[in-house]
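*Asks:* Listed in order, the protein sequences are those of chains R and C.
For the first sequence, the residue numbers in the working numbering are 248 to 836.
For the second sequence, the residue numbers in the working numbering are 140 to 371.
Bear in mind the hints are in silico, worked out from the structure with no lab data behind them.
Just so you know, even glycine gets a beta-carbon here, dropped at the ideal spot from N, CA and C.
Mixed in with the good hints there might be a few duds.
Chain R residues, not near chain C, derived (Cβ > 10 Å throughout) [what the hints assert, rightly or not]:
| # | residue |
| --- | --- |
| 1 | 442 |
| 2 | 495 |
| 3 | 543 |
With a straight-line cut-off of 25 Å between C-alpha atoms, the simulated DSS-like cross-links for lysine-lysine are [said to hold, decoys possible]:
| # | chain 1 | residue 1 | chain 2 | residue 2 |
| --- | --- | --- | --- | --- |
| 4 | R | 287 | C | 287 |
| 5 | R | 441 | C | 241 |
| 6 | C | 330 | R | 512 |
Incomplete in silico selection of chain R near chain C, CB under 8 Å [what the hints assert, rightly or not]:
| # | residue |
| --- | --- |
| 7 | 291 |
| 8 | 547 |
| 9 | 549 |
| 10 | 552 |
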Amino acid sequence: MAQKLKSVDVVVVGVGFMGAIMAKELATEGLTVVGLERGKKRWTVPEFQAPDIHDELKYSIRKGMMQDVTREAMTHRNNLNQEALPIRQWQAFLPGSDLGGSGVHWNGQTFRFTEADFVWRTRMHDRYGKDFVDPNLTIRDWGITYDELEPHFDRFEHLLGTGGKAGNLNGKIQPGGNPFESWRSREYPNPPMKEQYGGVLFRKAAEEMGYHPFVQPSSNMTRPYTNPEGLQLNACNYCGYCERYACEHFAKATPQTVILPVLLKNPHFELRTEAQVLRVNLDRNKNRTTGVTYADASGREYEQPADLVIITTYALNNVRMMLLSGIGKPYDAHTGKGVIGRNYAYQTTGDVFVFYDETVNINPFMAAGASGTLIDDFNDDNFDHGPHGFIGGSYIMSALTNGRPIEFHPTPPGTPEWGKEWKAAIHRHYNHTAHMLIHGSSMPTRTNYLDLDPTYKDAWGLPLLRMTFELPDNDVKMTQFCVDRAVEIGKRMGAKTVAGYARKHPFTTQKYQTTHNTGGVIMGSDPNTSALNRYLQSWDAHNVFVVGASAYPQNPGYNPTDTLGALAYWSVDAIKKQYLKHPGPMVSA
Amino acid sequence: MKFHRLIIFVIPIAAGTGVLFINSFAAGSPRADAVRGAGIVATGADYGVVACARCHAFDGTADGSGAFPKLSGMSAYYLEKQLRDFASGSRSDPIMSAIARKMKPEDIADVSAYYSGVHATPTPPPAATPELLALGTRLATVGDEDRKVQACEGCHGPHGRGEDPAIPPLAGQYAHYIAFQMRMWRMGYRKNDANQQMATIAKRLGPQDIEAIGLYFERVPQPDFPKDRRQP
Chain R
248 MAQKLKSVDV VVVGVGFMGA IMAKELATEG LTVVGLERGK KRWTVPEFQA
298 PDIHDELKYS IRKGMMQDVT REAMTHRNNL NQEALPIRQW QAFLPGSDLG
348 GSGVHWNGQT FRFTEADFVW RTRMHDRYGK DFVDPNLTIR DWGITYDELE
398 PHFDRFEHLL GTGGKAGNLN GKIQPGGNPF ESWRSREYPN PPMKEQYGGV
448 LFRKAAEEMG YHPFVQPSSN MTRPYTNPEG LQLNACNYCG YCERYACEHF
498 AKATPQTVIL PVLLKNPHFE LRTEAQVLRV NLDRNKNRTT GVTYADASGR
548 EYEQPADLVI ITTYALNNVR MMLLSGIGKP YDAHTGKGVI GRNYAYQTTG
598 DVFVFYDETV NINPFMAAGA SGTLIDDFND DNFDHGPHGF IGGSYIMSAL
648 TNGRPIEFHP TPPGTPEWGK EWKAAIHRHY NHTAHMLIHG SSMPTRTNYL
698 DLDPTYKDAW GLPLLRMTFE LPDNDVKMTQ FCVDRAVEIG KRMGAKTVAG
748 YARKHPFTTQ KYQTTHNTGG VIMGSDPNTS ALNRYLQSWD AHNVFVVGAS
798 AYPQNPGYNP TDTLGALAYW SVDAIKKQYL KHPGPMVSA
Chain C
140 MKFHRLIIFV IPIAAGTGVL FINSFAAGSP RADAVRGAGI VATGADYGVV
190 ACARCHAFDG TADGSGAFPK LSGMSAYYLE KQLRDFASGS RSDPIMSAIA
240 RKMKPEDIAD VSAYYSGVHA TPTPPPAATP ELLALGTRLA TVGDEDRKVQ
290 ACEGCHGPHG RGEDPAIPPL AGQYAHYIAF QMRMWRMGYR KNDANQQMAT
340 IAKRLGPQDI EAIGLYFERV PQPDFPKDRR QP
């Protein structure tokens, strides 16, 4: 029997980026807030210091910062006819754990979604006609517009200290920025990053071909920065240990550097670590939460009553928490009915390697997680899809995030995969290879979804999340098209050999792609096809809010974090201004 | 540990500090002439360049006062950059600025090549209280979360051995000199590093922290030399 604790105003489940933002805003309002974090505390000093933090084997290969699969794994199958099996080693995507969540090991790539993304279904139908879109794709509008989110994008980017060059200031296109981006109300808080040498070669070729290269917006600091919370960050020194690692240098925007120290000083906030939330509890009528039940490190259970529960446990875990708690009707792929678990999407990626002769030194180790030069010409709805037969797109970016020896050994096609020749080829190509990332959209389908696994359970005896996912044909076509464009650029870059790898069927969990899992608890304006209203408030229990990329109805070709931060500020703004005064559904169903 | 010693020149210097090893890999400029550099170090140049050895000694140990830094163990790249910065005014010092402005580009390259290959004489460790040493050790090797200061050795290398060629070694450097430079960074008189890293960090440290960091590093023995250096 769980021990019942003293009631609080708000419980935030998961203290990562979004949990910290929601908790900080509500604690500042004077509400008592408890943050329940399943992992341990960790800080820049001492946990993230060198030389340990540069241990490639520990962090990149053995996934030292990720969710512990021996306690909580998940299962995957490619289609409804297969039996799903547990993922025992994270490879395709890497959900983080411990204080700060995935916000500690992210790269800092900071893109806004566009005006078109938020009205994607309407836009596709208007521009290309209803018959153009593959009927198997369940694309949706978000129930919110870019213009409504703009101030919140701005706020989040200033929290992070993002460096970049605006391409569109209040509707006026700016030289040097991305001309395809949607309007922004002011410049980035910091200037763009330095370009890698591969990026310089890419920029030249892309410009010659009439494209519009720009430097990737980055939340690795480009100069010393004090954010609006009063926290100081250092300038990045381009050591190249961002993705899968934590920053030792106070130079990457993470919860630890941009918000947690302020949150923890707030007397209305209490952090409890190693608190594994088992479920969000509902009252008798099943339309209101009464709090949560969690287990501490010794397995002892507690009931924490609260008036408001905010779930911020990463997209995949958000879906699982809703299913375990019985909030919202689970999605049924056979009937297409139900809301929790639907519209699961991912990111469709490809790679292009540009092999130079030995006179061109690329120096892959001179990099930061979000340094890169890219074009947006083939992303989103930035080009006419009419002749191509697919929707969506990719950015094409020359980027290396470091040349770490275990992971980085590019060799041209035809090289043996082991032995003397392989070793010689690595030696020959290590410092003379540029890389282009094709980072593309992912469209939802009726049969790509998340539910609870019927067989496998976690360390607490609860069912694992089951992922049913295969790459939609639309996305495979898209990625091939964009890889072909990137190969053309690679040839223009003056390389001897250019090798392109587009994503192909079947989807595998055993090859790294991106940790951009989206959907499953999507937002929208229709309670029959979405789990949340436009304020990220559950249609089914008005005092439950779910903040995560789980809210995305489909995933555009941009990295998801900036939009996520904007949605968090948008949601908490509505809670502060409307919900706290009149608790209840903010949109009538 | 086995080093590949690349001894190109063995020069007996009349002034008598013994045998000097000159390491070609530490060179910043590809055609630097360390032998010519040794001449400038010993006698200066008649267009206003004072002999470097007058303050820094032939083996780069300087005079032990801490007013002048040890130069041994620093990469030629780093020494060249500092001399160019003194000449251009992006780093300022009443003595060094005047000298560096008189030096020709090849003088800077040659002197730097020379000093990057010398072998310093060990100096006795400075006295320090256990409290100060503990503080210095903690800041240098672990950092301080409250003040948002990372470990010095995160960039300056384990045991302060430096990260060649751009980040200088601190091991064995005079505590007085380290503390003096930290105060210069903190007060904004020195700002010739990449992205104001040192200024940002120094501003978060108090006088005692700075003294403690200096004492820690002076007591770390300079690594054996020449090091297994590699120019990218």
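*Asks:* Compare the structure with each hint and give your call.
*Replies:* Checked hints:
1. Once the 10 Å rule is applied to beta carbons, residue 442 of chain R is consistent with being away from chain C; the minimum gap is 15 Å.
2. The Cβ of residue 495 of chain R does not lie farther than 10 Å from every Cβ of chain C; its closest approach is about 5 Å, which violates its non-interface assignment.
3. The Cβ of residue 543 of chain R lies farther than 10 Å from every Cβ of chain C, with a closest approach of about 25 Å, so its non-interface assignment holds.
4. Among the hinted pairs, residue 287 of chain R with residue 287 of chain C is consistent with the structure: their alpha-carbon atoms are about 20 Å apart, no more than 25 Å.
5. Distance restraint check for residue 441 of chain R and residue 241 of chain C: the Cα-Cα separation of roughly 33 Å exceeds the 25 Å cut-off, and the hinted pair is therefore not satisfied.
6. About 33 Å separates the Cα atoms of residue 330 of chain C and residue 512 of chain R, which puts this hinted pair outside 25 Å; it is violated.
7. Look at residue 291 of chain R: its Cβ gets to within about 6 Å of chain C, closer than 8 Å, so that hint holds up.
8. For residue 547 of chain R, the interface hint is violated, since its Cβ never comes within 8 Å of a Cβ in chain C; the closest pair sits about 30 Å apart.
9. Hint status for residue 549 of chain R: violated, given a least beta-carbon distance of 29 Å to chain C, over 8 Å.
10. At its closest, the beta carbon of residue 552 of chain R sits 33 Å from a beta carbon of chain C; the interface hint therefore is violated under the 8 Å criterion.
The structure shown violates the earlier hints numbered 2, 5, 6, 8, 9 and 10.
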